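There are 2 protein chains.
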Amino acid sequence: MTSDAFPMIGVLGGMGPQAGVDLVAKITAETRASGDQDHLPVTLLSLPQIPDRTTWLADPSAPDPAPAIANGFFRLEAAGAGVAAMACNTAHTPALFDRVLDLLDDAGATISVLHLIEETVSGIAFEYPSARRVGILGTHGTLSSGTYHSVLERHGFDVIAPADLHRLTHAIYDADAGIKANSESIPAVTREEVLDAIQELNQQGADVVILGCTELPLAVRESAVDGLPVVDPARMLARSLIRAVDPQKLVVDLFASES
Amino acid sequence: MTSDAFPMIGVLGGMGPQAGVDLVAKITAETRASGDQDHLPVTLLSLPQIPDRTTWLADPSAPDPAPAIANGFFRLEAAGAGVAAMACNTAHTPALFDRVLDLLDDAGATISVLHLIEETVSGIAFEYPSARRVGILGTHGTLSSGTYHSVLERHGFDVIAPADLHRLTHAIYDADAGIKANSESIPAVTREEVLDAIQELNQQGADVVILGCTELPLAVRESAVDGLPVVDPARMLARSLIRAVDPQKLVVDLFASES
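Going down the list, the protein sequences come from chains A and B.
For the first sequence, the numbering used here assigns the number 1 to the initial residue and increments by one for each residue that follows.
For the second sequence, the numbering used here assigns the number 1 to the initial residue and increments by one for each residue that follows.
Keep in mind that the hints were calculated from the coordinates and are not lab data.
All values reported here derive from a predicted model rather than from experimental measurement.
Each residue gets a CB set at the ideal place from its N, CA and C atoms; glycine is no exception.
The reader is advised that the hints may include incorrect statements.
[Stated by the list, open to error] DSBU-like cross-link-like pairs, simulated, lysine-lysine; straight-line CA separation at most 30 angstroms:
(1) A:K249 - B:K180
(2) A:K180 - B:K249
(3) B:K180 - A:K180
[Unchecked claim] These stretches of chain A come out as covered by chain B in the derived footprint (C-beta under 8 angstroms, 3 or more residues):
(4) 67-79
(5) 153-165
[To be verified] Facing chain B, a subset of chain A residues (Cβ under 7 angstroms, in silico):
(6) G16
(7) P17
(8) V21
(9) V24
(10) A25
(11) T28
(12) P48
(13) Q49
Turn these sequences into a full structure, and let the hints steer you where they fit.
Structure follows, in structure tokens:
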């Protein structure tokens with residue numbers, strides 16, 4: 001193995017496979033580059049056989065994903081990554097993520113693992129310094145775990161969420177019109193459901209809205225809706241990974257990479 | 001490092017960064033899966049600092065990409081990959097690719113490196129057994145290297161190309177309307193230029209057309225135009241990588257993954 005021109009970024013993927021690929025694509029998009037050679041070295045390790053996170057959180061007798069996740073970060077470290085992250089919201093639930101860090105720590109790993117939700121919230125604090133009330137959209141599963149709420153509150157934000165998560169869950173999971181079933185081309189009615197939820201949080205006084213589910217940014221690619229900033233956590237995480245290895249490489253304006 | 005449930009696929013990326021990410025996305029798309037756990041383990045090593053291939057082919061005193069490419073495949077082998085490939089057309093020019101294989105061979109590497117153009121042509125022979133005349137679209141640089149021509153002719157195909165590559169190069173590179181400058185949303189006029197070139201090859205009697213440039217499939221996502229099959233080499237390569245590790249995992253119908 002030779003040393004790279006820049007420290008290498010690691011991405012642990014497979015949870016699901018497309019979310020890991022998307023995080024790598026966002027690292028490329030958020031890098032200031034005028035040609036291939038200006039980009040940063042990145043390694044993606046996509047391990048779809050990592051046991052399901054949601055299943056284990058609901059039933060601790062199910063296969064435990066923590067050792068497989070820790071092993072993935074070890075392998076990224078062995079491949080040359082100094083800093084790494086994963087795009088899966090559920091894997092950042094403290095009951096799971098903290099155990100991964102403990103396993104890495106016990107084994108003497110030196111790789112730095114960034115936390116999707118911590119980086120999203122600290123990114124909001126940095127990019128939107130006047131924001132006080134943060135709205136959060138996601139599935140019932142993600143929001144009921146309370147991870148976004150507790151991190152936001154620790155950073156001093158007031159947290160608001162839609163009164164009824166049923167419509168949003170429907171927009172994501174519906175077998176016909178849902179985002180998961182139509183990731184290449186989102187039906188207009190589904191996009192409207194997500195926009196309605198953003199509008200509801202706007203009326204409740206949100207200063208920023210987090211799209212707290214990997215599917216939601218597929219329906220709403222804008223960085224603002226009716227003037228309300230809308231945050232894609234994977235994009236914030238991509239920016240944190242770039243900042244960790246070379247802040248000079250970061251697209252300076254949060255919105256500069258948009259057409 | 002623990003062993004994976006399936007042999008791991010390696011992708012050497014960074015040439016350019018988006019092409020490597022796209023190849024991983026196509027591996028996911030071409031895998032028969034009803035959930036995350038059905039997908040195959042994949043590792044992407046994106047090394048954008050690999051010296052420019054076109055520059056070196058034009059000027060052998062420029063930095064040589066072959067050692068960096070060979071080193072990348074070594075690192076993929078060390079990361080657990082048994083079979084690997086890269087998405088860059090130019091890197092498969094014999095003057096470069098054969099030296100990469102020699103470097104790997106001399107050093108005792110065991111990783112199997114698939115050849116983008118060989119896999120595309122053998123894929124056409126397999127998927128379109130009645131095809132005789134194959135049309136090829138690409139930049140002047142890719143076509144003048146003759147790699148597609150020589151591989152197609154070795155497989156017994158007649159090769160046809162557009163009479164004038166100027167318009168196609170313009171469709172790819174034009175600073176305003178070109179595909180490279182508009183990869184998220186291709187202008188209609190640019191797509192028409194690519195469709196016209198396909199139509200020209202259709203009139204010349206092509207049985208299949210190869211989109212021999214990573215940008216062209218962004219403008220033409222269909223698998224056929226006016227009944228003429230249109231082949232994306234990266235998609236063929238993704239299918240060969242899957243077939244190499246587990247043929248059972250391959251989406252059976254070449255067109256089944258399309259909506």
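Hints versus structure:
With a CA separation close to 21 angstroms, the supplied pair K249 of chain A and K180 of chain B stays within the 30 angstroms bound. Only pairs whose Cα atoms come within 30 angstroms are accepted, and K180 of chain A paired with K249 of chain B is accepted, the gap being roughly 21 angstroms. Distance check on the hinted pair: K180 of chain B and K180 of chain A sit about 28 angstroms apart at the alpha-carbon level, within 30 angstroms; holds. With 5 residues bearing a CB less than 8 angstroms from a CB of chain B, the stretch 67-79 of chain A meets the requirement of three and the coverage assertion stands.
Only residues whose beta carbon comes within less than 8 angstroms of a beta carbon in chain B count, and the stretch 153-165 of chain A has 0; fewer than three means the coverage is violated. Because the closest C-beta pair between G16 of chain A and chain B is about 4 angstroms apart, less than 7 angstroms, the hint holds. For P17 of chain A, the interface hint holds, since its Cβ comes within 7 angstroms of a Cβ in chain B; the closest pair sits about 5 angstroms apart. Because the closest C-beta pair between V21 of chain A and chain B is about 5 angstroms apart, less than 7 angstroms, the hint holds.
The interface hint given for V24 of chain A holds, since its Cβ lies 5 angstroms from the closest Cβ of chain B, which is under the 7 angstroms cut-off. Among the interface hints, the one on A25 of chain A holds; its C-beta lies about 5 angstroms from the nearest C-beta in chain B, closer than the 7 angstroms criterion. Because the closest C-beta pair between T28 of chain A and chain B is about 4 angstroms apart, less than 7 angstroms, the hint holds. For the restraint placing P48 of chain A at the interface with chain B, the shortest Cβ-Cβ distance is roughly 4 angstroms, inside the 7 angstroms limit, so the hint holds.
Of the supplied interface hints, the one on Q49 of chain A holds, with its beta-carbon coming within about 5 angstroms of a beta-carbon of chain B, less than 7 angstroms.
Figure legend: structure checked against the earlier numbered hints; the only hint not met is number 5.
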